[in-house]
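For the sequence shown, counting from 1, position 152 maps to 152 in my numbering; every step adds exactly one.
Be aware that a few hints might be false.
[As the list claims (entries may be wrong)] Think about it this way: if two alpha-carbon atoms lie no more than 25 Å apart in a straight line, the pair counts; the simulated SDA-like pairs of lysine to any residue are:
1. K90 / T62
2. K90 / R119
3. K90 / H51
I should point out that these hints are in silico values taken from the structure, not numbers from a laboratory.
This structure is a prediction, so every number in the text was calculated from the model and none was measured.
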Amino acid sequence: MIIRSEPNPIRRLFWITVLLAGATTASAVSAAPSPAAATEANGVLRLASNHSVEETVARIRTSVEAKGIRYFIAIDQQQLGASANLPIRKSTLVLFGNPPLGVQFIQANPYAGLDWPVRMLVRETADGKTEIAYTDFAFIGQRYRITGKDAQLKMASEVAATVAGEAAE
Numbered sequence: 001m002i003i004r005s006e007p008n009p010i011r012r013l014f015w016i017t018v019l020l021a022g023a024t025t026a027s028a029v030s031a032a033p034s035p036a037a038a039t040e041a042n043g044v045l046r047l048a049s050n051h052s053v054e055e056t057v058a059r060i061r062t063s064v065e066a067k068g069i070r071y072f073i074a075i076d077q078q079q080l081g082a083s084a085n086l087p088i089r090k091s092t093l094v095l096f097g098n099p100p101l102g103v104q105f106i107q108a109n110p111y112a113g114l115d116w117p118v119r120m121l122v123r124e125t126a127d128g129k130t131e132i133a134y135t136d137f138a139f140i141g142q143r144y145r146i147t148g149k150d151a152q153l154k155m156a157s158e159v160a161a162t163v164a165g166e167a168a169e
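Assemble the whole structure, with the sequences as input and the hints as a guide.
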């Protein structure tokens, strides 16, 4: 039996304070690049979308489901930031995948589970445009030293590129 009690506002305030203090300390200690400088990441493919963030996310879902691929969730990161009083531009992380294909990567290297299911980031850029970003499966294969799965990695890359392309057009 699970008994739920009303949320304790003092406990909630405590955890928010701890998280914010940690974030403030971490940013003061590290020399993190500014958002303008932090635009490149290894293995990340980017594609401009002709639609809003919301419409692009909806188009990803439509494309994924039309292919019989499992759509898991869309996480509104802007909303998460707002809940912590940390404003960011529109940003939604979309997770989807085909277990018969993706689980093969996890079988080859359990740490590949850090990159599967497929993750596509749909974000608003500084100039108000929409961008889709995702990690290339060729890079994922190299990162986790997955061997003997070249055809599967190629297929996953092609599917991700197709989904992103359909969502962006």
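The hints, checked one at a time:
no., hint, in the structure
1, K90 / T62, "20 Å, holds"
2, K90 / R119, "16 Å, holds"
3, K90 / H51, "13 Å, holds"
The structure shown violates none of the earlier numbered hints.
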